[in-house]
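Just so we're aligned, residue 1 is where the sequence shown starts under full-length UniProt numbering, counting upward by one.
Hints were generated in silico from the structure; no laboratory data involved.
Quick reminder that beta carbons are idealized off the backbone N, C-alpha and C, glycines included.
All the pointers check out, no bait thrown in.
Heads up, simulated DSS-like pairs for lysine-lysine below, C-alpha to C-alpha not over 27 Å straight-line: (1) K219 x K255; (2) K169 x K89; (3) K249 x K259; (4) K153 x K217; (5) K252 x K219; (6) K219 x K249; (7) K217 x K249; (8) K217 x K255; (9) K153 x K219; (10) K217 x K259; (11) K125 x K169; (12) K252 x K217.
Pair by pair, the computed Cβ-Cβ distance ranges are: (13) R205 x K87: 33 to 41 Å; (14) K217 x P256: 17 to 25 Å; (15) I158 x N207: 28 to 36 Å; (16) E171 x Q97: 15 to 23 Å; (17) R245 x K217: 22 to 30 Å; (18) L190 x I93: 39 to 47 Å; (19) D261 x A63: 25 to 33 Å; (20) R205 x R245: 40 to 48 Å; (21) R177 x K255: 19 to 27 Å; (22) A127 x Q232: 29 to 37 Å; (23) N124 x E81: 37 to 45 Å; (24) A63 x K87: 18 to 26 Å; (25) S209 x T59: 27 to 35 Å; (26) R92 x R231: 33 to 41 Å.
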Amino acid sequence: MLRRAVLQTFRQGLAQSFFKRNAVSLSETTVTHQPIETSNEADEKSVSKQKPSDESGNTVVVAPPEFRFMYPEFLPDPAMERRNRLKEKLERIDMLQRRSVVEIPEFYTGSVMAVTVADANSPNKFARFVGICIQRGGSGLRAWFILRNVVDKQGVEILYEMYCPLIQKIEVLRLERRLDESLLYLRDALPEYSTFPLDMEPERRLNNSVVPINPLKVKLRPRPWLERWERQNLQGVEDLNLPQRFYDKAEKVAKPWEKYDLMLQYR
Numbered sequence: 001m002l003r004r005a006v007l008q009t010f011r012q013g014l015a016q017s018f019f020k021r022n023a024v025s026l027s028e029t030t031v032t033h034q035p036i037e038t039s040n041e042a043d044e045k046s047v048s049k050q051k052p053s054d055e056s057g058n059t060v061v062v063a064p065p066e067f068r069f070m071y072p073e074f075l076p077d078p079a080m081e082r083r084n085r086l087k088e089k090l091e092r093i094d095m096l097q098r099r100s101v102v103e104i105p106e107f108y109t110g111s112v113m114a115v116t117v118a119d120a121n122s123p124n125k126f127a128r129f130v131g132i133c134i135q136r137g138g139s140g141l142r143a144w145f146i147l148r149n150v151v152d153k154q155g156v157e158i159l160y161e162m163y164c165p166l167i168q169k170i171e172v173l174r175l176e177r178r179l180d181e182s183l184l185y186l187r188d189a190l191p192e193y194s195t196f197p198l199d200m201e202p203e204r205r206l207n208n209s210v211v212p213i214n215p216l217k218v219k220l221r222p223r224p225w226l227e228r229w230e231r232q233n234l235q236g237v238e239d240l241n242l243p244q245r246f247y248d249k250a251e252k253v254a255k256p257w258e259k260y261d262l263m264l265q266y267r
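Kindly generate the complete structure, drawing on both the sequences and the hints.
What follows is the structure, encoded as structure tokens:
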């Protein structure tokens, strides 16, 4: 009798532990934002629509891998000292709420954009600026991008915080990419590479077309420059026509192994 009571108690304990484990697994489900329709090829779109299932049979919505190029501000901060899981979760909630109010379209470095912000000193109470995106960075609510345009033969650059409450509208007039991730060398280039009309109309583009890469080669003005561009391995710049000693010194200070160092960006 004692042995039978012990076996019955042991079986009841196993049943209770099994029930608790299944209840926890069913309650903990992965929740991610539903992938939206992107401007990729049809085959990539069909792959992104596949919804895998976990062991419990629940459908898990996974963002396509190309989203890390379209929306890099949703990625964790590369600086480890700024990492905080709770902060990142709260920031992403605020970012999604902000995107429900103001549409933030897909854009890349090299896209021509127009940004309208609220301006109390303007007669119309808003200001609109058109320019080419020469750089973007930051993560989370600290995401930013820089627009450049030449107005009245003077180069003008404005840095916008992507989730600033003063921004009323963001338009992409020409969606394209360049050969380099940063176009800061346009500051030392000829003005025609950074000049765009302020009343530029948006270019029509098919939703299913691939984002084009502009192979334009920019011609820089003679030295002096703001930076030593010969040391940055730029792809979108014509031949700099410098003496050989500049290239020899650039080769001595170059660090080609850094692009293979996976932990350099995170540590």
